[in-house]
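Top to bottom, those sequences are chains A and B. Be aware that the first sequence starts at 1, since it is given in the working numbering, and climbs by one per residue. Be aware that the second sequence starts at 1001, since it is given in the working numbering, and climbs by one per residue.
Hints are computed from structural coordinates only; laboratory data are not their basis. There's no promise every hint is true.
[Stated by the list, open to error] Below, simulated DMTMM-like cross-link-like pairs (lysine to aspartate or glutamate); rule was C-alpha separation at most 25 Å, straight line:
no. : chain 1 : residue 1 : chain 2 : residue 2
1   : B       : Lys1013   : A       : Glu78
2   : B       : Lys1013   : A       : Glu83
3   : B       : Lys1084   : A       : Asp368
4   : B       : Lys1077   : A       : Asp368
5   : B       : Lys1036   : A       : Glu71
6   : B       : Lys1022   : A       : Glu222
7   : B       : Lys1013   : A       : Asp42
[As the list claims (entries may be wrong)] Covered stretches of chain A, as calculated for chain B (at least 3 residues, CB under 8 Å):
no. : stretch
8   : 36-48
9   : 71-83
No residue lacks a Cβ here, since even glycine has one placed at the ideal position from N, Cα and C.
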Amino acid sequence: MNKVIIINLNGNAYQLEEDAFDALRAYLDTARARLEGNPDRDEIIADIEQAIADKFRAFLGASKTVVLAAEVNSVIAEMGPVEAAGEAGAAQGAASAPAGGAKEAPKGGPQGAPRRLYRIHDGAMLAGVCNGLSTYLDIDVSLIRIIFFAMSCVWGFGVVVYLIMAVIIPTATTPDERAAAFGTPSTTQDFIKRARDGYYEGMRAFRDKSEYRAWKRKFRQEMRGWRQSFKMEMQRNAHQWAHNWHRHWAQHPPPVFLGGWLLAPVFALASLVVTLAVFYAIYSILVHGAVFGIAVPASVPSWAAIIILILLVQLVIWPLKAMRHSLTYGYGPPYCHPFVHFWNTVASLAVFVILVWLFIHHPSQAHDAIHNLARETRAAFDSFRDWLNTL
Amino acid sequence: MSSINEKFTPIRKGLLEFLVLKIIASDKVYAADILKELGATEFATQEGTLYPLLSKMRREELVDYEWKESEAGPPRKYYELTAKGRDQLRETSDYWQKIILTVKNLGQRQGQ
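Take the sequences, apply the hints, and build the full model.
Put into structure tokens, the structure is as follows:
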């Protein structure tokens, strides 16, 4: 006589002898351990449990309802040891890298697997934005930090971009997210699963329903209060802004140049078109290695072609720029008339909106371009260092 | 014979993905069909190896699956190739043809 244990294999109930249960559990535990760090681990285990269940069914009939130890052992032998396939090993390395994230990751990471942008706290200086970008674009983290620092010094918006990214980009905290940051592919299903896990995790924090309801009520109240104060703040700002506008308009006469009323929008439109054309040209150099049908010679690296292109464009639009400058600032003390300013702002906003639209509607091209840009930046940086060494 | 078998273990392992692509290309199949088809050859494989491989191929977007009801038992995953998978199969087949030619021609003296 043997004790029988009822188990659940991927939703199917089976009765196993005690020894059979121990053997099966050992096999599945080993499989689970071998697949550590594999983003599809649960799915593979479910498939394996299903396959085992199918094999068990063959042993069972109307007069035989228990799977014996010998039968389980033969099924396990038939299944064979679970081996992580090729790349899973690399993912495992990335996921279990204890600290220092970006630096200890396998160089280049598993190829062909889309990476996800996450903030990575290991080895980060502030919020992990540069660290995450460095992993995502496979560029040295110091270089990214230098670029951000330069952007902050020269234009000031590096700080703004950093803050926005710090708020928007999620942090890689779980091994799964860490693996995704280093290029283990993920699917929408994984994403939904992660979101659901997070939700259940959050729900578990409330011991009972009344506590949860109280929390929800408080959250709503806070949201309402926050919305109200935000609205008031906006109204106040709008008032202030209108006031400033009126004062400014009164103090400064309209453009000195008489045709300025007409020329300001024309110049803004021209700069919009030129900016977009330059963006397109850079994109085609990066992705197709050609500008408007003219192939870049093989001897010229893409990054050099981009620099030459920007210099050429500056040379061509220089007279236009000079004209716009005289229109904007006139002959008097340097100030920018709000009317001209308005059109310039419209043009820059349009460029921004068009770029965002392109990113949303052509994500794969945008992805290619950014990755090639990252590669070219790296190449340019390397050439620069080589050149320094030869001095 | 067994020593040759051992020597070729890494090569068989490396070729497995190619063969799985070939099998899936011929028809929509589920995992047990793949195992059965491989089982009759030198490339006989077990579930423990095939499932992780299939999941890796799905992550690399070479294959995709859909759930289908079966007459007996629970629904099964039927695998099929994606466009990327078909490209990969074509490339691998070409490369394999080249290898076969190389193996055949290497070491044969000129003019014979």
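Violations among the numbered hints: 4, 6
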